[in-house]
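Enquirer: Kindly produce the complete structure, drawing on both the sequences and the hints.
Every position in the sequence shown, counted from 1, becomes a number in the working numbering once 16 is added.
In short, the hints are calculated from the structure, not lab data.
Remember, predicted model here, so these are calculated numbers, not experimental data.
Hints are all accurate, no fakes.
Lysine-lysine pairs mimicking BS3-like chemistry, simulated, CA-CA at most 30 Å apart:
id : residue 1 : residue 2
1  : Lys756    : Lys425
2  : Lys539    : Lys638
3  : Lys152    : Lys136
4  : Lys473    : Lys212
5  : Lys653    : Lys544
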Amino acid sequence: MFNLSMKILLSRKKWLFLIAGSIAIVLSSVASIFIASESVRSAIKQKAQNTYGEHTGVLTNITETKKSLLKRNKGISVGVYQIIGKTKVSSDRFATVGWMDKKSILLGHLKLISGRFPEKPNEVAIESAYLQGPLKNWRIAEKRTIKIGNSTKSLRLVGIVKNYSSQWSVAEDFEKGVNDFPNIFISKQLTTNYKKNNSFLFKYNGSTKDSFEKSIDLINHYDRQGTVNSRLFNNGLNQCDTIRTLSITFQLLIVILSLFSINSLILYFTQDQHKKLGIMKSVGASQRALYRIYIYQAVIIFVLSALFSFPIVYSIQSLIIHFSYREYFSNFMLMIEMVGMSILLYIGLFFMILFLFLKNVKESGTLHVQELLNQQNRVSFSERYKSVFKGFHSSYGKLLVKELFSNPKQFYLTVLILCFSSLTFTFTNYIQKDNLYGWEGLKSKYYLNSQEAFSFKTQQNLKVLSHQGLTFTEAEVKKLEKTPGVLYIDKTPFMEDVETLIDRKMITPSINNWIFNENSAYKTYNNKIIIPDVKYVLLNKDDWKNIEAPKKYKDLDGKAFIYNPVNKKNTNEDKILVGNTLTLVRLYKTPTGMKTSQKKLKILDVIHKPFKYRVSPSVEIKKDDFIILMDTQTAVKSGLFHGFNELEIYTKKDISHKEKMNLDKQVKSLSSTFPGSLVQNTSQLIKDDNKIYNYLKVLGMLLFFVSLILTAISVTIMIFSKYQTQKRQWGIYLSLGMSKRNIMQLVFSEIFIYVFVSMILSMLICCIGLIMLPRQYPLVFYFKYFLLSILIEISFLIIGGYIINRSLQRQSIASFLRRDE
Numbered sequence: 017m018f019n020l021s022m023k024i025l026l027s028r029k030k031w032l033f034l035i036a037g038s039i040a041i042v043l044s045s046v047a048s049i050f051i052a053s054e055s056v057r058s059a060i061k062q063k064a065q066n067t068y069g070e071h072t073g074v075l076t077n078i079t080e081t082k083k084s085l086l087k088r089n090k091g092i093s094v095g096v097y098q099i100i101g102k103t104k105v106s107s108d109r110f111a112t113v114g115w116m117d118k119k120s121i122l123l124g125h126l127k128l129i130s131g132r133f134p135e136k137p138n139e140v141a142i143e144s145a146y147l148q149g150p151l152k153n154w155r156i157a158e159k160r161t162i163k164i165g166n167s168t169k170s171l172r173l174v175g176i177v178k179n180y181s182s183q184w185s186v187a188e189d190f191e192k193g194v195n196d197f198p199n200i201f202i203s204k205q206l207t208t209n210y211k212k213n214n215s216f217l218f219k220y221n222g223s224t225k226d227s228f229e230k231s232i233d234l235i236n237h238y239d240r241q242g243t244v245n246s247r248l249f250n251n252g253l254n255q256c257d258t259i260r261t262l263s264i265t266f267q268l269l270i271v272i273l274s275l276f277s278i279n280s281l282i283l284y285f286t287q288d289q290h291k292k293l294g295i296m297k298s299v300g301a302s303q304r305a306l307y308r309i310y311i312y313q314a315v316i317i318f319v320l321s322a323l324f325s326f327p328i329v330y331s332i333q334s335l336i337i338h339f340s341y342r343e344y345f346s347n348f349m350l351m352i353e354m355v356g357m358s359i360l361l362y363i364g365l366f367f368m369i370l371f372l373f374l375k376n377v378k379e380s381g382t383l384h385v386q387e388l389l390n391q392q393n394r395v396s397f398s399e400r401y402k403s404v405f406k407g408f409h410s411s412y413g414k415l416l417v418k419e420l421f422s423n424p425k426q427f428y429l430t431v432l433i434l435c436f437s438s439l440t441f442t443f444t445n446y447i448q449k450d451n452l453y454g455w456e457g458l459k460s461k462y463y464l465n466s467q468e469a470f471s472f473k474t475q476q477n478l479k480v481l482s483h484q485g486l487t488f489t490e491a492e493v494k495k496l497e498k499t500p501g502v503l504y505i506d507k508t509p510f511m512e513d514v515e516t517l518i519d520r521k522m523i524t525p526s527i528n529n530w531i532f533n534e535n536s537a538y539k540t541y542n543n544k545i546i547i548p549d550v551k552y553v554l555l556n557k558d559d560w561k562n563i564e565a566p567k568k569y570k571d572l573d574g575k576a577f578i579y580n581p582v583n584k585k586n587t588n589e590d591k592i593l594v595g596n597t598l599t600l601v602r603l604y605k606t607p608t609g610m611k612t613s614q615k616k617l618k619i620l621d622v623i624h625k626p627f628k629y630r631v632s633p634s635v636e637i638k639k640d641d642f643i644i645l646m647d648t649q650t651a652v653k654s655g656l657f658h659g660f661n662e663l664e665i666y667t668k669k670d671i672s673h674k675e676k677m678n679l680d681k682q683v684k685s686l687s688s689t690f691p692g693s694l695v696q697n698t699s700q701l702i703k704d705d706n707k708i709y710n711y712l713k714v715l716g717m718l719l720f721f722v723s724l725i726l727t728a729i730s731v732t733i734m735i736f737s738k739y740q741t742q743k744r745q746w747g748i749y750l751s752l753g754m755s756k757r758n759i760m761q762l763v764f765s766e767i768f769i770y771v772f773v774s775m776i777l778s779m780l781i782c783c784i785g786l787i788m789l790p791r792q793y794p795l796v797f798y799f800k801y802f803l804l805s806i807l808i809e810i811s812f813l814i815i816g817g818y819i820i821n822r823s824l825q826r827q828s829i830a831s832f833l834r835r836d837e
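Expert: Structure (C-alpha cells):
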C-alpha cells in the first residue's frame, strides 16, 4: 500500500512539490522562530547574569545561617557572604571588606582577572577598581597593610577580581561597608575575629514572575533588609519573557493563518485524485484502504516537507537574529533542548496535516463510485447570493459574481487574511518607528548616575537622607572634562535633600500655579513656603555666556536666577521677586544629631521660559523644570553642595576612535567604585532598546510574507481548480465566441476584488487605529507602509494570475470540451 501511495504521488509531481513546499514554509517559519528566540534568549540571559549576577535577590545583615535559610525556604539556592567593614583607599573612596563562599561567587558570576580567591587567613583578593591610593600597583604575592575598622592587617594579594559591584543592584538605604558587597575579599578564617551577621545571595528557580514575587516576599519577611536584583530582571529576564511571548504569538498566528491555505491545497489535491479513488473503489478497495493510502501520502509529503525545511530553517533563523539582536548563545545542552523541542513541534504540525488529510478523505468518502469516476465536484452557488447575481445585467458581471461566491467561506477567509497581513506589516513598522522617534533628538554620548536610588524620611516637611549620597567630586568631573574628545558635560548636583523657601508675600501667580501643580496645599518650614520639585543648575564662570537670558550679568556671587516654565500673565508680577531673597535649606543627620544648613540667595532675574544652554551650534540643552540657577562657587561656599550625581557627556563631532576608546575607559573607571551606579553609552543604549522592536518587526515581516505566499498559492489553486472542474462549461463559452483573454480578465478581476475589498477593510481599521493610538509622525508617514504592503500583495497575486494564464494558453478549445473516459 505504501508503494501504491508513493506511485500515486509521483504521478502528480507538481502537486507533490507544491504541497510539500507549502508545508515546508510553515514548518521552517515556526521552527526558525523557536530556534532564533531560544538562541537570543540564552544570549540575553547569559549576558545579564554575567553582568548583574544570577541571584534574584539579596538579604543583608540578618541573624540566619545558610542552613536555617535553606530549611525555611524550599526551592531556593543560597550563597552566604559577610561584610566586615571598610577601608580607605583614597582621599574620598572607601573599599568594603568581606568574605564570600563558593556558592555566592558562583551565583554572582564573579570572574578573576588573575590569581585566585583567598583560602588562608593572611590572603586577600581585590576588585580591580580599588587598586588605587595606597593599594595602587599592588601585585600578586605582594604584602600590604590594610586597616579594617580599628585593626591593621598585613595581607598577601592572591587574586584580582573583575569589576562587578558597581553594576549590581543595591538597596535604597545601602551604606558603604555595611550592606553592600565586598571589594576586598578575605578568607573565612579571618572573619572569625569579627562578630558580624550573615548576608545572602539567593536565587529562586521557576518563571520570572514567580521568582520575582517570591524574592519580594522573602525580603519583606526579613523587614526589607535586602533588595531584589532588579537589574537582572529589567535588563535580562523580563526581556527573555517578552521575546518568548512574541515568539509564541507569531508561531500561533503563522499556524492559524496557514491552516486555511494548507487545507485548500489538500482539498483540491484530494479532489484532483478522485478518479483514481473511484477506480480503486470499483475493484473492491475498502474505505479503510483509502484511509491508509492517504495516511501514507501524508507521511511521505510531511517527510519531504521536513527535508525541504531544514536548510530554510537555518537561513530564516540567521536572518531573524541578524536583523534584530545580532547576538546568540548556544552550547551542547541548549542544542539538545532545541532539537528536542523542534521535533515535538514537527510532530504536532504533522498531526495537524494528517487531520486535514483525513478530514478531506472522509468528505470524499460520501461520494459514490460513479461520482468519483466522473470527478463531479460541481461548484455550487449559494441561494443567499442570488440577489447579488440578479443585480448584474451583463454576462461578464454574472460570471464574475458566480466565481466569487461559488465558495463564500474561501472568499471571506482570503479577504481577511490579506487584510490581516497588511495590518501586521503596517503596525509592526508603526511600533518600531515610533520607538525610534524618542531617541532622535538625543545628542549626549554617555549618561552617568552615581546612585540610582536613595532613601529618605520627611521631617518638618524637609527630606532627610538615610545616608549621604555618593557623588562625583568637582575635581573628578573637571578631569573628565579635559579628556580629549569631550565637548561638554551637563552636570546635575546632588541636592535631593535641599529645599527652596520663599516668603509668603513673594508668591506670584505663576509660582502659585507651579506649587499647586505639584501639591494640593502649601508646605512650610519656619513660616516660609516650600517650592516643590525644584531642580538646581550650577554653571562655571565661562558657561554663563551660553545661556539664554534677557541680558548679560557680571556679579553672580551669592545670587540666583529663577527659571519658571509657567508663563506669566501679569507683566509686573516679577518686580516683587527681583532683588529679594530666597533661602535654600538642608536638614541632615550627624553623629551628634540633626543639623540644618541654610543659604540666602539674592534673586537676580526671573525667566518664564525653559532653561536653555547652547553647547554648540548643533547642540542645545533644554530643561522644562522649575530651576534655580547659580554659580558653582556660590553652591560650594553654601555648604549645600557636595558633588554631582548625574553627568551627561557630549562629545565632539570629529572625535577619533582612539579618543572614543580612551573616554569609554575613563567613564567606566570613574563609576566603577560607586555601588549601584549607572553608566549608559547612549549609542549602545539606543541599539539595545531598539532590538526588541526590531525583533517584533522581523517577526511581523515573516508572518506577512508567509501568510501572503501561502494565500497567493491557495488563491491561485482555488481559481485554477474552479476553472478545471468547469472546463467543459468554459469550452462551450470559447466555442461560442469567448476568447481566452476574456477568461483571464475574469481571473484578474477576481484577484483585484480580493485585494480591493481587503484594502478597504484594512484601510478603515488602520485609520481608526492610527487616529486612536499615540503617534509621533503624520498619518501619511505610516500609510506608505500600508500602501507598500498592498503593492506586495498585488504583486504576489498577479504572479499567480500569470501562472493560470500560461496554463490556459496551452490548452485548446478541444481539450476544454473533451470528456475523459
